[in-house]
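K.L.:
Here the protein sequences line up with chains Z and A, keeping their order. 459 is the number that our numbering gives to position 95 of the first sequence; each next residue is one higher, with no gaps. 203 is the number that our numbering gives to position 168 of the second sequence; each next residue is one higher, with no gaps.
Just to be clear, a hint being listed does not mean it is correct.
Mimicking PhoX-like on lysine-lysine, the simulated pairs with C-alpha atoms at most 25 Å apart in a straight line are [as the list claims (entries may be wrong)]:
no. : chain 1 : residue 1 : chain 2 : residue 2
1   : Z       : Lys381    : A       : Lys257
2   : Z       : Lys382    : A       : Lys257
3   : Z       : Lys576    : Z       : Lys554
4   : Z       : Lys582    : A       : Lys257
What the hints contain is simulated information worked out from the structure, not anything from laboratory work. If you're wondering where the values come from, they're calculated on a predicted model, not measured in any experiment.
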Amino acid sequence: MSDAKIELRNVHKRFGKKVVLDGINLTVPKGESLVVIGGSGTGKSVMIKCVLGIIRPDSGEIFVDGKNVLKMDAGEREKVLRKFGMLFQGAALFDSLPVWENVAFGLIQGRKMKRKQAKDIAVEKLAKVGLAAEVGELYPAELSGGMQKRVGLARAIAADPEIIFFDEPTTGLDPIMADVINDLIVDSVKDLGATTLSITHDMASVRKIADKVAMIHKGKIIWAGSRAEVDDSGNDYVDQFIHGRAEGPIQMEVLKP
Amino acid sequence: MNVFAIIGRVVLSTLAEIGALTRFVWLAVTHIFRPPFFWRLIAQQMLRIGYFSLPVVALTAFFTGGALALQIYYGGNTFNSESIVATIVALGITRELGPVLGGLMVAGRVSAAIAAELGTMRVTEQIDALTTLSTNPHKYLVVPRVVAAVITLPALVFIADIIGIMGGFVVGTGSLEFNPGVYIKNTVDFLDADDVISGLIKAGVFGFIIAIMGCFHGFNSKGGAQGVGRATTNAVVTASILILAANYVMTSLLFAN
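Could you put the whole structure together from the sequences, leaning on the hints where they help?
P.N.:
Here you go:
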């Protein structure tokens, strides 16, 4: 128990008639990097949003540092949220604010830090993801997709979080930029000693950033193991996924002509 | 298809919508009085909602006052029209037309803008990102807009009252050839502070409706560009209808005696 940073027990969530999470059980050990793989629409994003409290699960328990976050009041919950940083799939930068204020947002609004001091930290974090201080004065719309992702990463690590979530960190990037982001993730996580939970369907990313891997399918975790075990998991679902085959136990809902 | 099933579904979805709106209003109102307060954002929104609506509201009021003067003159008794035109323009503008037309114009301008902005923030996960940066989205996004609208709408309508009466004055003294001094005397003699104040109270309520409808539909928009478009339309339509309905209720309460 003591070394589990995050634990999900039997978490269910449905939207209308559609069951999205069908009894998720998952443990993220402290200081490790767990990557959850799975196809589109298997409930990966919903699972992460349940942990963050953005979506409330219908039933089940979610523990962060051994405490059930679903039973907390708003104040306690907010304190727990301060341990988190998150990199969103589309970076989700605030387009009304310049880049440095995006990075410093959690420090200024969430922690009431002075703007001057927060800006210094923002510039330092931007440097960490390989962006010059001048980039801080630009607006998100002026940046390329890869740069936006890097700013998103700088924002996620700005408050030195204990836990970082990565939602498809490499989706939509070219293979080289994807590799740059993966390296940055590995480096920044190592520096912070943070626990991370990532969701992706990019196997190159998995091989680079994961300590442990779990596979989600139809709202359930169907396999979990270490990174080395992925290639000979003996699980047909995992095999099909990592080799990207259309044929196999996972049937896409595609009408055949 | 079973008729009862259709009726049942419509009733259920309407009730669900009303429930969601009630919860949203409750959250917005309770967060107004709980710190932290975002003064800068309130000032910024007052500028955007109030100041930038000034030309639209002023023009609306001016032409409405002018048209009202003409209409009363043509339709009414030409005998004694000099006193009637001034009085009815003043009362009509301050009690009904100033707040209602001002409210509707601002609803078109501001509800739509708020719904589009927050809707885009929702579909690009910027609202979720706020949560992960320990910032309550209701407090950061909804409260400043609601507070700014409730404060600035009465100010806008007060200016609209003056300009509307001036519109009547310009038409009255210009094309209807009334005596300017007598026109002003009639306006001042028949206009009570209560007439103006009742209009300003209405304006405050309309401001609340405008901001809440924009925020509610923006917050709940889903499904990309089309969803944001739908949210914008719904915000304007519901805000306008609620303004007219609330106006009727308030008129019947404020002028009961």
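K.L.:
Mind checking the alpha carbons of lysine 382 of chain Z and lysine 257 of chain A for me, to see if they're no more than 25 Å apart?
P.N.:
17 Å, holds
K.L.:
Is lysine 582 of chain Z within 25 Å of lysine 257 of chain A, Cα to Cα?
P.N.:
23 Å, holds
K.L.:
Verify the proposed pairing of lysine 381 of chain Z with lysine 257 of chain A, using a straight-line Cα cut of 25 Å.
P.N.:
Measuring from Cα to Cα gives roughly 18 Å; hence the hint holds.
K.L.:
Is the Cα-Cα distance between lysine 576 of chain Z and lysine 554 of chain Z 25 Å or less?
P.N.:
15 Å, holds
When each numbered hint is compared with the structure, no violation occurs for any of them.
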